[in-house]
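Q: This is what each chain is made of:
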Amino acid sequence: MRITAFTQLILVLAVTAWVFLLPVPMVATILALELVLLLYIKHDRMTMAAIGALTVFTGMMIVLQLLFGSSLYVSLTGGLRMFVMTTAFLCLLAATKIQDIAQALVEKFHLPCEYAFMLTTALRFVPDFLTDSQTTLDAQSCRGYSNRGNVLKRLYSYLAVVKPLVMRAVAKSDTLALSMELKGFGANTYKNMAPQSLGLLDYVVLMLIVLMSCYPWWHKMF
Amino acid sequence: MIEAQAVNFAYRRGEPVIFDISCTIQDGEFVALLGHNGSGKTTLSRLFMALDHPRSGQVLVDGNDIAKLEPADLSVKVGYVFQNPDLQILEDTVFDEVAYGLKCKKMTEGIIKKQVADALTAMGLEDLVDAYPRALSFGQKRRLGVAAALALQPRTLILDEITNGQDEQEKEDMMAYLRKLNEEKKITIILITHDMNIARKFTKRVLVLNDGNLVFDGATHDLFDGKNNIEQWGLKQPVLSKLGAQLGLEALTPEEFCQKVELKAGDSK
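Respectively, the protein sequence lines represent chains A and B.
If you're matching positions, the first sequence starts at 1 in this note's numbering and goes up one per residue.
If you're matching positions, the second sequence starts at 1 in this note's numbering and goes up one per residue.
Think of the hints as simulated: they come from the structure by calculation, not from any bench.
As the structure is a computational prediction, the values presented were derived from the model and not from experiment.
Misleading hints may appear alongside valid ones.
Said to hold, decoys possible - Here's a subset of chain A near chain B, in silico, CB distances under 7 angstroms, partners left out:
hint : residue
1    : Ala139
2    : Ser141
3    : Cys142
4    : Arg143
5    : Gly144
6    : Ala160
7    : Lys163
8    : Pro164
9    : Ser213
Claimed, not checked - Listed next, the in silico BS3-like pairs over lysine-lysine satisfying Cα-Cα at most 25 angstroms (straight line):
hint : chain 1 : residue 1 : chain 2 : residue 2
10   : B       : Lys185    : B       : Lys171
11   : B       : Lys185    : A       : Lys163
12   : B       : Lys201    : B       : Lys113
13   : B       : Lys204    : B       : Lys242
14   : A       : Lys153    : B       : Lys68
15   : B       : Lys185    : B       : Lys204
16   : B       : Lys103    : A       : Lys153
17   : B       : Lys242    : B       : Lys77
18   : B       : Lys105    : A       : Lys153
19   : A       : Lys97     : A       : Lys153
20   : A       : Lys153    : B       : Lys106
21   : B       : Lys180    : B       : Lys114
22   : A       : Lys163    : B       : Lys204
23   : B       : Lys201    : B       : Lys171
24   : B       : Lys113    : B       : Lys103
25   : B       : Lys264    : B       : Lys77
26   : B       : Lys264    : B       : Lys242
27   : B       : Lys77     : B       : Lys105
28   : A       : Lys163    : B       : Lys105
29   : A       : Lys42     : A       : Lys97
30   : B       : Lys77     : B       : Lys114
31   : B       : Lys171    : B       : Lys113
32   : A       : Lys163    : B       : Lys68
33   : B       : Lys185    : B       : Lys201
Unchecked claim - FRET-style restraints, in silico, Cβ to Cβ:
hint : chain 1 : residue 1 : chain 2 : residue 2 : range
34   : B       : Thr24     : A       : Val36     : 32 to 40 angstroms
35   : A       : Leu155    : B       : Arg12     : 22 to 30 angstroms
36   : A       : Ser173    : B       : Asp96     : 23 to 31 angstroms
37   : B       : Asp92     : A       : Asp128    : 23 to 31 angstroms
Glycine is no exception: its CB is placed at the ideal position from the N, C-alpha and C atoms.
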């Protein structure tokens, strides 16, 4: 029994709101639950790398906030909020097919299918882009490119990798646009896919979301 | 000279893909690296260029272990041309594109001009020196890739599927340029290919990989003489080889084959 993409999207949106509505200990608990869930859904190298990269990014954000004069508490809670929101999104991506997300966006949120397609395409291109960037890096290394020297030199020389990649991405998107046009994109929609109907578990989760979202009010009442 | 000594390799946290391969490629050889998809051809060639390093065993270039080297360090000894030329085109003119590696090596203006001119001439691109590289035909882009590697004057060229996506004439042109480099400049050529006809016609030696194992290392005509069951390694015997094996003839081109058939027919009369 699984919850549908629609409920998962609502849950992610709710988590995004909860990080601002709920007290810090509860947000930290949500983070712990998210991490357990994420590792339960997908326990592989990519997931670990994503968590690692996110930790580094959060650390950098906290340091930057401290450098610009925020207090330690504000910096830490800011970092925690960002971490929780991003991990929720990671859980969504790990648990759901991109096509299901797109279908839910079109069917339930009435997002124009062009925008839903844009989202799925962007996400689908990420692994391709990573592969291309590694190949370009290798190809340029074989011609003498080396990522040595000070930071400025390294940044400048990295243009040798970025430029072919951008040109390639533009060419790819051009080809994709053309092939989509040839297939009559726009005339068809996601309606040919089986509709996603909500089950009992979805309603239970949605109820819990409403309850949790009302926490600031019922906390005051009791 | 490139030497692999009992090389084993696995991608990070993956299954092993190269098993205990030992081979030596001498200076001036024209070698084909054959095998079905996923047999380990490209992986082995990446080890030759220090793009990856073996889990165990050694790769030696000119007698030196390359375990601690980066591809950029090796680029003056070994040139590597990737399959997709679009992923490496950087500059706005053919000249600058070929000069990129030399500029990375901080060569003087005079040397850059000379070596770029030599490389472009060697690959028949001297008339396109000011052309926009992305506007070239696919075959020309592939030759540009070879010229860019050649500008650094390496003694060995590793070419990954260099004839892919080209028409027959472009393939012939490319191979003619490579043969010339091999014969006149004594540059070692390692050709990774699926094209049995190209391998048969142009190379002298063949290394066949099957599921990460080196299963054949010998003369090209020995591989295609009909005595080896090369289908078991996912390869296909060229038609001319099949016919030759049936008739007991050896010929590189259809014309040569016809001549030999006529001669044989004449002898039998």
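Q: Could you run down the list of hints and mark each one as holding or not?
A: Hints versus structure:
1. Given the 7 angstroms rule on beta carbons, the hint for alanine 139 of chain A holds: about 4 angstroms separates it from the nearest Cβ of chain B.
2. At about 4 angstroms, the closest approach between the beta carbon of serine 141 of chain A and any beta carbon in chain B falls short of 7 angstroms, and the interface hint on this residue holds.
3. Annotation: cysteine 142 of chain A was flagged as interfacial toward chain B, and the flag holds, the nearest CB pair being 4 angstroms apart, inside 7 angstroms.
4. Checking arginine 143 of chain A against chain B by beta carbon gives a least distance of about 4 angstroms; that is within 7 angstroms, so the hint holds.
5. Here the hint on glycine 144 of chain A is kept, as its CB sits about 3 angstroms from the closest CB of chain B, short of 7 angstroms.
6. Interface hint at alanine 160 of chain A: satisfied, since its Cβ lies 5 angstroms from the closest Cβ of chain B, which is below the 7 angstroms cut-off.
7. Of the supplied interface hints, the one on lysine 163 of chain A holds, with its beta-carbon coming within about 5 angstroms of a beta-carbon of chain B, less than 7 angstroms.
8. Because the smallest distance between the Cβ of proline 164 of chain A and any Cβ of chain B comes to about 6 angstroms, under 7 angstroms, the interface hint for this residue holds.
9. Annotation: serine 213 of chain A was flagged as interfacial toward chain B, and the flag is violated, the nearest CB pair being 41 angstroms apart, outside 7 angstroms.
10. A distance of roughly 20 angstroms separates the Cα atoms of lysine 185 of chain B and lysine 171 of chain B; the hinted pair therefore holds under the 25 angstroms criterion.
11. A hinted pair counts as satisfied when its Cα atoms are at most 25 angstroms apart, and lysine 185 of chain B with lysine 163 of chain A does not qualify at roughly 33 angstroms.
12. Simply put, lysine 201 of chain B and lysine 113 of chain B have alpha-carbon atoms about 34 angstroms apart, too far for the 25 angstroms limit, and the pair is violated.
13. At roughly 18 angstroms between alpha-carbon atoms, lysine 204 of chain B and lysine 242 of chain B fall within 25 angstroms of each other, so this suggested pair holds.
14. For the proposed pair lysine 153 of chain A and lysine 68 of chain B, the alpha carbon gap of about 23 angstroms is at most 25 angstroms, so the pair holds.
15. A C-alpha spacing of about 16 angstroms is found between lysine 185 of chain B and lysine 204 of chain B, which places the hinted pair at or below 25 angstroms, so the restraint holds.
16. Distance restraint check for lysine 103 of chain B and lysine 153 of chain A: the Cα-Cα separation of roughly 14 angstroms lies within the 25 angstroms cut-off, and the hinted pair is therefore satisfied.
17. With a C-alpha separation of about 38 angstroms, the suggested pair lysine 242 of chain B and lysine 77 of chain B falls outside the 25 angstroms cut-off, and the hint is violated.
18. At most 25 angstroms may separate the alpha-carbon atoms for a hinted pair to count; lysine 105 of chain B and lysine 153 of chain A meet this at roughly 14 angstroms.
19. Distance restraint check for lysine 97 of chain A and lysine 153 of chain A: the Cα-Cα separation of roughly 41 angstroms exceeds the 25 angstroms cut-off, and the hinted pair is therefore not satisfied.
20. Between the alpha carbons of lysine 153 of chain A and lysine 106 of chain B the distance comes to roughly 14 angstroms, so the proposed pair stays at or under 25 angstroms and holds.
21. Distance hint between lysine 180 of chain B and lysine 114 of chain B is fulfilled; the C-alpha atoms sit about 19 angstroms from each other, no more than 25 angstroms.
22. A hinted pair counts as satisfied when its Cα atoms are at most 25 angstroms apart, and lysine 163 of chain A with lysine 204 of chain B does not qualify at roughly 39 angstroms.
23. About 12 angstroms separates the Cα atoms of lysine 201 of chain B and lysine 171 of chain B, which keeps this hinted pair within 25 angstroms; it holds.
24. Using a Cα cut-off of 25 angstroms, the hinted pair lysine 113 of chain B and lysine 103 of chain B holds, with the two alpha carbons roughly 11 angstroms apart.
25. The suggested pairing of lysine 264 of chain B with lysine 77 of chain B is violated, with an alpha-carbon distance near 47 angstroms, which exceeds 25 angstroms.
26. Simply put, lysine 264 of chain B and lysine 242 of chain B have alpha-carbon atoms about 17 angstroms apart, close enough for the 25 angstroms limit, and the pair holds.
27. For the suggested pair lysine 77 of chain B and lysine 105 of chain B, the alpha carbons sit about 13 angstroms apart, so the restraint of at most 25 angstroms is met.
28. Pair hint lysine 163 of chain A plus lysine 105 of chain B holds up; C-alpha atoms about 20 angstroms apart against a cutoff of 25 angstroms.
29. A C-alpha spacing of about 13 angstroms is found between lysine 42 of chain A and lysine 97 of chain A, which places the hinted pair at or below 25 angstroms, so the restraint holds.
30. Taking the CA atoms of lysine 77 of chain B and lysine 114 of chain B, the gap is near 18 angstroms; set against the 25 angstroms cutoff, the hint holds.
31. With a C-alpha separation of about 28 angstroms, the suggested pair lysine 171 of chain B and lysine 113 of chain B falls outside the 25 angstroms cut-off, and the hint is violated.
32. Proposed proximity of lysine 163 of chain A and lysine 68 of chain B is contradicted: the alpha carbons are some 28 angstroms apart, above 25 angstroms.
33. A distance of roughly 20 angstroms separates the Cα atoms of lysine 185 of chain B and lysine 201 of chain B; the hinted pair therefore holds under the 25 angstroms criterion.
34. Under the hint 32 to 40 angstroms, the C-beta atoms of threonine 24 of chain B and valine 36 of chain A, about 54 angstroms apart, miss the expected range.
35. In this structure the hint that leucine 155 of chain A and arginine 12 of chain B lie 22 to 30 angstroms apart at CB holds, the actual value being about 27 angstroms.
36. At roughly 26 angstroms, the beta-carbon separation of serine 173 of chain A and aspartate 96 of chain B lies within the given 23 to 31 angstroms, and the hint holds.
37. In this structure the supplied range 23 to 31 angstroms holds for aspartate 92 of chain B paired with aspartate 128 of chain A, their Cβ-Cβ distance being about 25 angstroms.
Violated hints, listed in ascending order, are 9, 11, 12, 17, 19, 22, 25, 31, 32, 34; each of the other numbered hints is respected by the structure.
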